Every structure is written in structure tokens, then in C-alpha cells.
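For what it's worth, the numbering used here labels the leading residue of the sequence shown as 1, then goes sequentially.
Possibly wrong hints are sitting among the right ones.
Restricting the straight-line Cα-Cα distance to at most 30 Å, the calculated cross-link-like pairs of lysine-lysine (DSS-like) are [claimed, not checked]:
hint, residue 1, residue 2
1, Lys192, Lys92
2, Lys192, Lys333
3, Lys140, Lys300
4, Lys140, Lys191
5, Lys191, Lys349
6, Lys191, Lys92
7, Lys406, Lys258
8, Lys388, Lys455
9, Lys80, Lys191
10, Lys300, Lys405
11, Lys192, Lys94
12, Lys388, Lys300
13, Lys258, Lys140
14, Lys333, Lys406
15, Lys300, Lys191
16, Lys140, Lys185
17, Lys80, Lys300
Simulated DEER-style distance windows between Cβ atoms [as the list claims (entries may be wrong)]:
hint, residue 1, residue 2, range
18, Lys300, Pro408, 40 to 46 Å
19, Asp299, Asp91, 55 to 61 Å
20, Ile443, Arg96, 50 to 56 Å
21, Arg96, Ser324, 39 to 45 Å
Calculated directly from the structure, the hints in this document are not laboratory data.
Remember, it's a predicted structure, so these values are computed and weren't measured experimentally.
In this text, a Cβ means the ideal position worked out from N, Cα and C, and glycines have one as well.
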Amino acid sequence: MNKQQAIVFFGIILAGLGISLFTLNHFGKRVEVADNDSPPAPPAQTEPAEPEPPAPKPKAEPKKSEPAPAPAPSGEMTFKSPEALMGALVDKIKNRDVNGFVAMAGEGAISPTIRPQVEGLLKDPAWAPNPETPISELAKSPDSVRWAIHFDRAPGAAPSTAVNPAPSDAATTELYADVVSSPDKSSWTVKKIALPFDFAAKTGLKPGNVPMPPGESNPVGTAPAPGATPSTGPAPMPTPAGPVDATDALTVAFAFSKAVIDRNFELARSLTDQNRVTDERVAALLIAVEEGTFHLREDKPLVVTLSRDDLTWVLTRVESGSASSEFAVEMGKPAADGNWMIHGLTFSKLIAALAEQAGAGGVAYAPIVADPQGGDSLVLYFEFDEDKVSTRTARQLRIVADILKKDPTRKLHINGHADALGTDGYNEGLSNRRAAAIRENLIESGVAADQVVTKAFGEAMPRRPNFNPDGTDNPGNRSQNRRAEVYLDF
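With the hints as extra help, turn the sequences into a complete structure.
So this is what it looks like as C-alpha cells:
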């Protein structure tokens with residue numbers, strides 16, 4: 001290395017040394033200041049870092065056209081048909097779920113008056129829904145449909161522990177449920193629970209006058225809970241066998257209609273306003289039903305055609321093996337808290353149906369005719385040249401006999417008639433024997449002899465012409481002239 005090269009080499013070394021000293025001096029002071037401010041913490045042991053979870057995907061917004069359904073309020077159940085609702089009520093009854101039944105029906109559907117009776121029935125193991133026909137549709141109203149839940153009493157069931165035990169022959173009873181639909185007909189709910197008129201008499205369960213909490217044990221008139229000790233207090237008054245609640249129009253209408261079908265004059269009469277409907281009118285309806293062998297239709301026997309606060313019109317639909325018909329019941333009540341009563345009866349369609357059954361030359365079937373002096377007359381028909389009371393006529397006369405026996409001051413007038421075949425003298429004697437036969441039947445039924453007055457008219461007062469305009473015989477008309485008329489205007 002020559003001199004010039006050596007100078008360059010050592011110059012480069014000196015320059016690098018100077019730069020190194022400058023850098024060390026400058027950065028060493030900064031570290032010293034930092035150390036004085038905050039001593040460094042001892043190095044911590046580090047663990048491998050967990051990978052961060054991936055960010056969640058944004059949830060899709062629900063479509064506006066398909067909003068999520070809002071949950072139903074607690075305890076609220078929706079039924080798409082009345083049959084489904086009634087079936088669910090029957091299931092609650094089968095399970096003896098009193099609380100569930102009350103919740104499903106709704107607290108407001110069961111009045112405090114009948115609440116103890118309803119709960120008592122549901123708790124009594126002797127009563128259960130009919131296994132074959134647990135429910136049926138009873139009546140159609142403008143704003144609701146009444147269904148019946150049919151109960152059977154178990155054969156040989158132990159005597160009821162109710163305050164008033166049920167009679168041994170009380171084998172059936174019912175609960176009524178009025179159901180209503182939503183405005184869009186998509187759901188059905190219970191509007192009202194009601195009881196039949198003879199409920200207390202059949203079950204021994206008394207009505208109450210205070211509201212009872214759901215499932216409360218041993219309400220008034222009900223059986224004690226299993227294992228409970230019956231009350232040892234004074235025995236209550238016996239439950240009357242008659243009506244217990246006449247504040248429900250349909251209950252009254254059905255009780256009256258059933259009494260008519262069963263020929264129960266006493267019960268039917270008790271449900272009528274005596275200032276508006278005579279005993280004779282009620283008896284005439286019972287006799288017309290008996291004559292036609294009518295019974296209530298199984299499907300919706302009652303149809304409410306008008307319903308107001310103080311006025312209700314009900315059609316009772318009946319049928320027999322060969323015909324169907326109806327009679328109309330007009331109902332009213334004097335005040336908002338009063339009882340419904342029968343204010344009027346119309347059964348012209350029944351009479352028309354019976355008239356159609358009249359056979360040429362046989363026994364006519366038109367038992368009620370208008371009395372020219374007002375009111376109605378019961379007409380009893382006879383076979384040709386006969387003066388014997390038929391079995392059916394005897395059943396009809398028992399209805400009349402019951403009326404007479406209840407009021408010994410009443411008198412009954414029986415007029416005997418004959419058709420035009422035979423001499424005047426013979427027909428007068430025949431008509432007299434016919435009237436006498438009816439009188440004797442009434443006396444045998446317990447009517448006092450001096451209550452019945454008879455008179456014979458022979459062929460003098462026909463209801464229909466015995467002959468056609470051309471002079472030929474008219475057997476159909478003559479069959480309606482062989483009769484005895486019982487004047488019901490006592």
C-alpha cells in the first residue's frame with residue numbers, strides 16, 4: 001500500500017468511528033430518560049395467541065310479507081270450528097280438569113249462580129260424557145250456536161255425596177255452551193255456559209249466589225273433594241224439582257218444547273204466561289204432537305228467528321216417521337232481570353201436517369179446530385159406525401183429564417156427531433154414544449162426573465160436506481164428520 005492509499009483507508013475508519021460515537025451518545029440519553037420515567041416490567045411469559053373468531057354473518061331481515069306470528073296471550077286457545085272447541089271441553093271433563101274447563105270456557109262465561117253446580121258435576125265421578133254422542137247442536141241464534149254436552153250417570157254408581165243426592169232414576173243431564181265465532185270466522189270461543197231446567201232435580205246440585213274460584217273444593221251443593229270430611233252443619237233446604245233459572249230464553253224454550261214432546265202438561269203450563277196463553281191452547285198443542293207422533297229433530301231442533309232484550313221468537317222443529325213440521329214459540333220477560341215466559345203459541349203447520357195424513361174412509365187426523373165461539377176445540381175421531389175410544393184418543397184424553405182434575409170448578413162440554421150415512425135417528429143415537437164414551441173415559445181418569453156435559457147432534461152439524469157437488473159420496477170428508485168435539489174453552 002502506498003502512502004496515498006493509506007491516508008484514504010485511515011480516513012474512512014475515522015469517519016465511521018465518529019458516526020458511531022455520535023449515534024451512541026444521542027440514543028443512549030433517550031433510553032436513560034425513558035428508564036427514569038417508568039422502569040420496564042420484567043418480561044412476561046407469552047402464550048400462543050388464540051385466533052380471533054370470524055365475524056358473524058349479518059342476519060337476514062324477515063320478509064315484510066311474512067311477519068313472524070305474535071305469540072298468543074297466556075291461557076288463550078284458538079279453535080277453528082265449534083266441534084273442535086266442544087271436543088276440547090269434553091276432554092277437560094273426561095280428565096276431571098275443572099280449572100282447565102273454566103279457563104277454556106272463560107271466567108265470564110259461567111255465572112256465579114250456576115258455578116257451584118257446574119263444578120260439582122265435573123267433579124262427580126258418577127257423571128261422565130256420553131261415550132257415543134257426547135255433544136250435539138241444540139239451537140241456532142243470530143249471534144251464536146248452542147251446543148249440548150250430554151252426561152250419563154254410571155249404572156250402579158254410588159250415591160252422590162252432593163248436598164241433595166240425585167234421584168236414582170236420573171240417568172242423564174246436560175251442560176249447554178253458547179259458542180261464537182270471530183268476525184273472520186277463523187276461531188270460536190265460548191260465550192256462555194247454561195244448565196237445563198231439571199239440572200238441580202236430576203243431580204242434587206244447588207245453585208249458588210256468590211262467585212267461586214276455579215277448582216275451589218266443596219262449593220255449595222257440590223260433592224266434597226276426595227278424602228275430605230263432609231260438612232256437619234245444618235242440612236240445607238231440599239232443591240225444588242222445578243225450574244231453577246228462567247233468565248235464559250233458550251233454556252226456557254227448550255224446556256217447554258221438551259215438555260210438549262213428553263206430553264208433560266204441568267211443566268209446559270208452568271212456563272207460560274197465564275194471562276196470555278190459556279191452558280186450552282197448551283193442551284191443544286200437546287194433543288197435536290201426540291196425534292202426529294212427533295219428536296224433536298236431533299240436529300238443531302230450535303232456531304231463534306228474533307232475539308231482543310225483552311222479546312224472543314223460537315221455532316221448534318219436529319219430525320215423525322213420515323212428516324216434519326214445526327211450531328212457533330213467542331217469549332217475553334217483564335224486566336231486564338226478570339224470567340222469560342211463553343207469551344204465544346202458533347202451530348198451524350202442525351195442523352196442516354196432520355190434515356195431510358187424513359185417509360179416505362179412515363180415521364181423520366186433524367185434532368184441533370177453531371171454535372166458532374172463540375178458542376179451540378179438541379176433535380176426536382171414530383171409525384165408521386164405531387163408538388169406541390181408541391188407544392191414541394185415550395192418551396189424548398188424559399191430557400184433558402189432568403186439566404179438569406186441577407180445577408174442579410171447570411166443566412167440559414162434549415158434542416157427539418155422525419156422518420150422513422144412516423137414518424137421522426140412528427145417527428143421533430150413534431153420536432150420543434160417542435160423546436158418552438169420551439165422558440166415561442174422563443171419569444175413569446179421575447174427573448168428577450158433574451164436570452162433563454154431553455150432547456148429541458147426529459148428522460146435523462158436519463165439518464165437511466158428506467157428498468161431492470155432483471151427489472157422489474165423499475169418504476174423506478165423511479171421516480172428519482164422525483167425531484166428538486171437546487170444547488176447551490172451559
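Okay, the hints, checked on the actual structure:
no., hint, in the structure
1, Lys192 / Lys92, "17 Å, holds"
2, Lys192 / Lys333, "20 Å, holds"
3, Lys140 / Lys300, "7 Å, holds"
4, Lys140 / Lys191, "14 Å, holds"
5, Lys191 / Lys349, "33 Å, violated"
6, Lys191 / Lys92, "17 Å, holds"
7, Lys406 / Lys258, "22 Å, holds"
8, Lys388 / Lys455, "17 Å, holds"
9, Lys80 / Lys191, "15 Å, holds"
10, Lys300 / Lys405, "36 Å, violated"
11, Lys192 / Lys94, "20 Å, holds"
12, Lys388 / Lys300, "40 Å, violated"
13, Lys258 / Lys140, "17 Å, holds"
14, Lys333 / Lys406, "26 Å, holds"
15, Lys300 / Lys191, "18 Å, holds"
16, Lys140 / Lys185, "16 Å, holds"
17, Lys80 / Lys300, "20 Å, holds"
18, Lys300 / Pro408: 40 to 46 Å, "42 Å, holds"
19, Asp299 / Asp91: 55 to 61 Å, "23 Å, violated"
20, Ile443 / Arg96: 50 to 56 Å, "55 Å, holds"
21, Arg96 / Ser324: 39 to 45 Å, "40 Å, holds"
Hints 5, 10, 12, 19 from the list above are not met by this structure, while the remaining hints are.
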